[in-house]
Amino acid sequence: MLEYALKGRPKYWIWILCLLVIIAIGFYYWVLEHKLGTGVVCGLHKDLTWGFHIGQLAFFVGAAASAVMIVLPYYLHNCKEFGRLTVLAEFFAVGMVVVSMLSVFVIMGQPQRVFNVLLYPTPHSIIFYDLIVLSTYLFLNLLCGWTVLHAEYKETKYPSWLKPFIYWAILWGPSIHMVTAFLIQGLPGRGFWLTAIMAPRFLASAFSAGPALLLVLALLLKKLTGFDIGKKAVDTLSKIITYAFIINLLFICFELFTAFYSGIPEHTEPFIYLFSGLQGHSEWVGFAWASVILALIGLTLLVIPQTRKNETTLVLACIAVVLSVWIDKGLLLMIGGFTPNPQGVVVPYKPTFGEVMIGVAVWAIGFLIVTILWKIAVSVYQSKNLVVKMKGN
Amino acid sequence: MAIDRRKFLKIAGLSFLFGTGVFSLEEFVLCRGDEVLAQVVGEGKKGKVRWAMAIDTRRLTEEDCKRIIEACHRAHNVPDIPEPTKAVRWIWEDTFEHAFPELAEEDPSEELRNRKYLLLCNHCENPVCVRVCPVQATFQRPDGIVVQDYHRCIGCKFCMTACPYGSRSYNFFHPKEYLKHVNPEYPARTMGVVEKCIFCYERLDQGKLPYCVEAAKGKIYFGNIYDPEAEITRVIKENLVLVRKPQLGTKPMVFYIV
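Chains as they are written, first to last, in the working numbering: chain A, 1 to 393; chain B, 1 to 258.
The shape of chain A in the complex, shown without the other chains:
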């Protein structure tokens, strides 16, 4: 099947080349960071040690587990319309898990020591568990997606030994959000994160923004290659996105209520900083409100049946949802968690160009993997369709 990745139209190769160029630029800045120092290349400082990159972990770990929202209905509820989307979702998860893992890797000051995590396994550290759940999820999705696709390629049903792995992957999906949320939700002194709703919020935002991103890409795929996941699949997926997104917004409201009704400064100050500014600093107010407005646009377009069923407005809704959640989790979650600092002082953070490029290169690596895997999958399905057509004639 791999040979399919090596045969493509010029458009395919141009896209691959673009991704490689982005990766090269990011790699340059990453090397520069390790040569000159994080202090020179990145905007991080002693009061905000996890910035843009761990934000990407928080967002893309959600994109990764979106596969659960497709694989679960397909295998457990026999939801036939997801048939053609299942393998795509699993391969999408592979790329997104890689983005999540690399987002952690790039913040390490001593990357050559990364295997110390395995050399000195530490069960009281959440990073240890995060590594386990992420790498297991990566393996499971690659295994399930590849084996099912290979069966399609050979025109047989997938082997029965795969079933336990499929169920395992379904059960495992939510764990990657929960463990990632646990990284931050159990830290005393970080009021913005110290809330039991953090893990549920990770789940709800993942199960809305993840499938939304997947849906946008699947519809783009249809435009580019003619590979259609089917109207029914789009319909069902858009309903899943709607419900999950409503729950996500509710969770945020619960959090706001708890913070502002209790009035505990540790819980309110990060919100005040993000949404209206604090101590004369208001660096992220525009982003915070953009996230709210995008969420309202997405919600409106998703809730009204006419706009949800119209492909153009659905794509707009999904883009709004993805951008809203990306700002919320990819940027504000980290910034709010660290601001104000333990001394109660606002020390603003502005990611630098180099820092953002390192993050963008990590996305590019993930999307390169998704591109190659999807290319193989689409080629397999399309060649099969061709055979069916010829036989039919």
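Because the hints were derived from the structure by calculation, they are not lab data. Hints may be right or wrong, so weigh each one.
Claimed, not checked - Pairs of lysine-lysine, BS3-like flavour, derived with a Cα cap of 27 Å:
1. B:K66 <-> A:K35
2. A:K80 <-> A:K154
3. B:K176 <-> A:K35
Claimed, not checked - For each label pair, taking beta carbons as the anchor points, the in silico distance ranges come out as:
4. B:K217 <-> A:P121: 41 to 49 Å
5. A:S262 <-> B:E35: 24 to 32 Å
6. B:T190 <-> A:I132: 27 to 35 Å
7. B:K217 <-> A:A196: 33 to 41 Å
8. B:K66 <-> A:V31: 35 to 43 Å
Predicted model only: the values in this text are computed from it and were never measured. Glycine is no exception: its CB is placed at the ideal position from the N, C-alpha and C atoms.
On the provided structure of chain A, position chain B as indicated by the hints.
Chain B only, in chain A's frame:
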């Protein structure tokens, strides 16, 4: 509840420290040395050692602070980085509001606010940093000191995210470029690792006091807090003391005599 003379004097003292003396009992209890000691240390463990520090903020002057910081940073090859937000610091001077942000709204007296507060790693009994470190590069010694292995640290900065006191520093730059003097007795660090105060365990192991205690000339007490006869235990018991963010349950081992 009867109030004995000593208790009365303490309340009076507190009223002086905190403006009008409008201070609820809970918050007042937090300041009484013996109560703080009971809360943070509990019964203690006989025969065991737990190093602790008590900083006498009443007597500490700006010159003292400067001298203490200089002594520590010089001996431990702490780089002198001009950018304050990316600096490395093991011990530093700060205001009352920054040291005790949760008490800042309690209207501390002018005098209390004008004092200098030395901040450093609290060597918590329940260190969050040790809990989160994925490679055990930061760990707690049997005597309670939280130390850092610069050769194992992967630079993930999770400990800095976890520390509720901002006591840890990351080497954002090549530290050796910012060293004016090098003390060959203590290792210099590399870029990309985290470091912090180590309570001078290397000196304690030789039977000496930490550099800051030595430089403070009697204004910082240091000793085994599990020993009821020790000077440190006595001064804490007899005075009004604060610890930073006691509500978090980290059980800090640095006490501030107010």
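Legend entry - Unmet hints by their number, sorted upward, for this structure: 1, 7
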